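Asker: So the chains spell out like this:
Number of protein chains: 2
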Amino acid sequence: MNDGIVTEKTDGTIVTPRGFKVAGLHSGVKRKRNDLGVIYCERPANAAAVYTLNKIVAAPITLTKKSITAHEKVQAVIINSGNANACTGKQGYEDAETMQRLTAETFNVAQEHVAVASTGVIGEAMPMDKISSHIDKLTLNTDEAAAEAFGESILTTDTFTKSVCFETTIDGNKISIAGAAKGSGMIEPNMGTMLAFITTDAVIDSPVLQALLNEVVDRTFNSITVDGDTSTNDMVLVMASELAEHEPLTTAHPDWKNFVYAFEKVCQVLAKQIARDGEGATKLIEVEVAGAVTEETARQVAKTIVGSSLVKTAVYGSDANWGRIIAAIGYSDVEINPDTIDLSIGSIPLLKDSRPCEFSEEAATEYLANEVINIYVNLHLGEEEAKAWGCDLTYDYVRINASYRS
Amino acid sequence: MNDGIVTEKTDGTIVTPRGFKVAGLHSGVKRKRNDLGVIYCERPANAAAVYTLNKIVAAPITLTKKSITAHEKVQAVIINSGNANACTGKQGYEDAETMQRLTAETFNVAQEHVAVASTGVIGEAMPMDKISSHIDKLTLNTDEAAAEAFGESILTTDTFTKSVCFETTIDGNKISIAGAAKGSGMIEPNMGTMLAFITTDAVIDSPVLQALLNEVVDRTFNSITVDGDTSTNDMVLVMASELAEHEPLTTAHPDWKNFVYAFEKVCQVLAKQIARDGEGATKLIEVEVAGAVTEETARQVAKTIVGSSLVKTAVYGSDANWGRIIAAIGYSDVEINPDTIDLSIGSIPLLKDSRPCEFSEEAATEYLANEVINIYVNLHLGEEEAKAWGCDLTYDYVRINASYRS
Numbered sequence: 001m002n003d004g005i006v007t008e009k010t011d012g013t014i015v016t017p018r019g020f021k022v023a024g025l026h027s028g029v030k031r032k033r034n035d036l037g038v039i040y041c042e043r044p045a046n047a048a049a050v051y052t053l054n055k056i057v058a059a060p061i062t063l064t065k066k067s068i069t070a071h072e073k074v075q076a077v078i079i080n081s082g083n084a085n086a087c088t089g090k091q092g093y094e095d096a097e098t099m100q101r102l103t104a105e106t107f108n109v110a111q112e113h114v115a116v117a118s119t120g121v122i123g124e125a126m127p128m129d130k131i132s133s134h135i136d137k138l139t140l141n142t143d144e145a146a147a148e149a150f151g152e153s154i155l156t157t158d159t160f161t162k163s164v165c166f167e168t169t170i171d172g173n174k175i176s177i178a179g180a181a182k183g184s185g186m187i188e189p190n191m192g193t194m195l196a197f198i199t200t201d202a203v204i205d206s207p208v209l210q211a212l213l214n215e216v217v218d219r220t221f222n223s224i225t226v227d228g229d230t231s232t233n234d235m236v237l238v239m240a241s242e243l244a245e246h247e248p249l250t251t252a253h254p255d256w257k258n259f260v261y262a263f264e265k266v267c268q269v270l271a272k273q274i275a276r277d278g279e280g281a282t283k284l285i286e287v288e289v290a291g292a293v294t295e296e297t298a299r300q301v302a303k304t305i306v307g308s309s310l311v312k313t314a315v316y317g318s319d320a321n322w323g324r325i326i327a328a329i330g331y332s333d334v335e336i337n338p339d340t341i342d343l344s345i346g347s348i349p350l351l352k353d354s355r356p357c358e359f360s361e362e363a364a365t366e367y368l369a370n371e372v373i374n375i376y377v378n379l380h381l382g383e384e385e386a387k388a389w390g391c392d393l394t395y396d397y398v399r400i401n402a403s404y405r406s
Numbered sequence: 001m002n003d004g005i006v007t008e009k010t011d012g013t014i015v016t017p018r019g020f021k022v023a024g025l026h027s028g029v030k031r032k033r034n035d036l037g038v039i040y041c042e043r044p045a046n047a048a049a050v051y052t053l054n055k056i057v058a059a060p061i062t063l064t065k066k067s068i069t070a071h072e073k074v075q076a077v078i079i080n081s082g083n084a085n086a087c088t089g090k091q092g093y094e095d096a097e098t099m100q101r102l103t104a105e106t107f108n109v110a111q112e113h114v115a116v117a118s119t120g121v122i123g124e125a126m127p128m129d130k131i132s133s134h135i136d137k138l139t140l141n142t143d144e145a146a147a148e149a150f151g152e153s154i155l156t157t158d159t160f161t162k163s164v165c166f167e168t169t170i171d172g173n174k175i176s177i178a179g180a181a182k183g184s185g186m187i188e189p190n191m192g193t194m195l196a197f198i199t200t201d202a203v204i205d206s207p208v209l210q211a212l213l214n215e216v217v218d219r220t221f222n223s224i225t226v227d228g229d230t231s232t233n234d235m236v237l238v239m240a241s242e243l244a245e246h247e248p249l250t251t252a253h254p255d256w257k258n259f260v261y262a263f264e265k266v267c268q269v270l271a272k273q274i275a276r277d278g279e280g281a282t283k284l285i286e287v288e289v290a291g292a293v294t295e296e297t298a299r300q301v302a303k304t305i306v307g308s309s310l311v312k313t314a315v316y317g318s319d320a321n322w323g324r325i326i327a328a329i330g331y332s333d334v335e336i337n338p339d340t341i342d343l344s345i346g347s348i349p350l351l352k353d354s355r356p357c358e359f360s361e362e363a364a365t366e367y368l369a370n371e372v373i374n375i376y377v378n379l380h381l382g383e384e385e386a387k388a389w390g391c392d393l394t395y396d397y398v399r400i401n402a403s404y405r406s
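So the sequences go chain by chain: W and U. Counting from 1, one number per residue, gives the positions in the first sequence under my numbering. Counting from 1, one number per residue, gives the positions in the second sequence under my numbering.
I should point out that these hints are in silico values taken from the structure, not numbers from a laboratory. Just so you know, these numbers come straight off a predicted model, no measurement behind them. One should not assume that every hint holds.
[Claimed, not checked] Covered stretches of chain W (in silico footprint by chain U; criterion: 3 or more residues with CB under 8 Å from a CB of chain U, positions within the stretch not fixed): (1) 50-59; (2) 163-171; (3) 201-214; (4) 284-296; (5) 330-336.
Beta carbons are placed, not taken as given, at the ideal position from N, Cα and C, and that holds for glycine.
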């Protein structure tokens, strides 16, 4: 895909692409950790976004969608964690508007160019006193400490900040694409309680960026699942500052594939970080399904496997219980041939033509003790393939979610 | 529904309907508990059955479906637990046939009138030496001890035997409908690893019985979920000995509604027992959704709520986290009005027109400590309603499934 042109992961952060600054602080919505963050761009960035498919949509999503649809530009994003501002009625929408207005005033940008995102508990009124009094305390910066403070400010039950940066070359000039995300619970295809912010200095129009995001999101963010619950607040937002020097990117640009490759990598790395940090998770599960008739059915089988509670607990228990994997394939609602399925974990074949292989239980258990578990399936029906990512289901998932509000 | 004619729950068991005998014993497939059982009818009973929708179908299901489809009669059912005889290829099918043949010989019935069912681990060869040498040790009886021994023989990780009996009156004569079931893991709409056997002495043709079963199964067995995993081995089998004295039952029979009522009650009680005994469960969750446009969409919303890992853990933690319930309603794929939802748990209203009610957290937590939790939703879109049943998600679910095979 990369044709010798260097596209590589760097140590950069969300502020590596030219033009972006961030900040994060503790306003008091959460007890201790940072809970208020901002992304700022020195000029209105071309924007693209995808939103939750949940029919109960949180106020900040409704507001942001309206702004971006109308103006296709974002210059600042204000994000709080600890309270989702969902199911909060008219007051909730007004609160989101207040956050938008105060951010516009503080950073001197047009109100319609401010995106708003919230994550946390559903159905409680926003503690606006805390938020309103802290927006002007946000001190923009481009250093690593600021990126980390911002990364923390968007987390809920996440255990680590999620960040990635890739560089590639367009018209011989270096550009960067970077991202920060939060995940953890309510993570499921079609946007979980997942927020991802992607910045780039590439020159690219909003409609082109939106089309690319729509395409890539299915292969990345929509291919992860933690618990099958879809949140009311999800959003992936991309901002292009256009401060790099090159001809505007379109699908006809000779270096388009470099941008796509780097962009998809950024999305994929963030998605995998989210899956790896699923609530209570100890392991990342990557399922690759090949030999499918279409990419969509391959993805559906992969997502069904990685979403199965029984597969997830078996992985947690390091139990090579392939019967649960094949049962999941069988109920995935995809037409399969029950007699032609190959299945392996890591390099250990478990099934060939749907029949058990002889394998060492010890070796399988040892493999399943790793932090990243690969499951490979070949349906032998066609040429298409897809991947999905998830995590194991553990005691800690139950502990975290049986006591989330307390 | 009952029009004054007495339909009532009795202390009866699967052998209360005239003509049926059962037995159960320990053959050695499982370490300790009974693992081999039989249901016998003194004459070929009119049969109806529904089977797993998983595309990976276990050998005994394939064989039984073939026999019942061709002959519409069952005189004996042989069931083992501990090994599912699934993904066992040609040998597995031959093993199921051997079970069928040995049962036919032992109890002197036609081989095509023997149904076979298996439940347990997937993908391991059937220990046929143990099963073959124990079928003729099964001693048929009609007493309570035999019913209990049979009930035990079909269990896997279940913690109690599931049994129910109802009586009703047809043409002035008493008839009985009774059932036994097993559930526990891999329980999900469209047949989990669920086996249910229903006996009746009513006079009713197989096609009439099949049509009734198809209708009732959606409102009962297919309205429960434990973990979203659908097994390869599920079956609900109904046998009518026709030893009662009355005009054959059809939808035109004046007492048809009595039979339907009692039949649905038997299915519903077994389904709720299965949900209550979901792996690791401490609570039965009953979700009732009203105000829907169709019964199907009401059921879909109810099943989405009761299947949500986040709702299940909140119930386990006695946390009135209604945000998770409304999020589940929103991602249920049913058209809703996000502004007209009423929600209560027990008699405590939590939401009215999608807006939070003031309620006592203490009272809600106290209510959620009960063993049966009722969640009521009104969508205010139409007149239809439906129920679904499930259980909480606990540490023990993880413990049981992280170590099932060891």
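Asker: Please go over all the hints and tell whether each is borne out by the structure.
Answerer: Okay, the hints, checked on the actual structure:
As drawn, the segment 50-59 of chain W meets chain U at 5 residues by the rule of a beta-carbon pair under 8 Å; at three or more, the given contact holds. Beta-carbon proximity to chain U at under 8 Å applies to 0 residues in the segment 163-171 of chain W; the threshold of 3 is not reached and the given coverage is violated. Three residues within the 8 Å Cβ limit are the bar, and the segment 201-214 of chain W against chain U gives 0, so the coverage statement is violated. For the segment 284-296 of chain W, the stated coverage by chain U is not satisfied: 0 residues place a CB nearer than 8 Å to a CB of that chain, which falls below the threshold of 3.
Note: the segment 330-336 of chain W has 4 residues with beta-carbon separation from chain U under 8 Å; the three-residue rule is met and the coverage holds.
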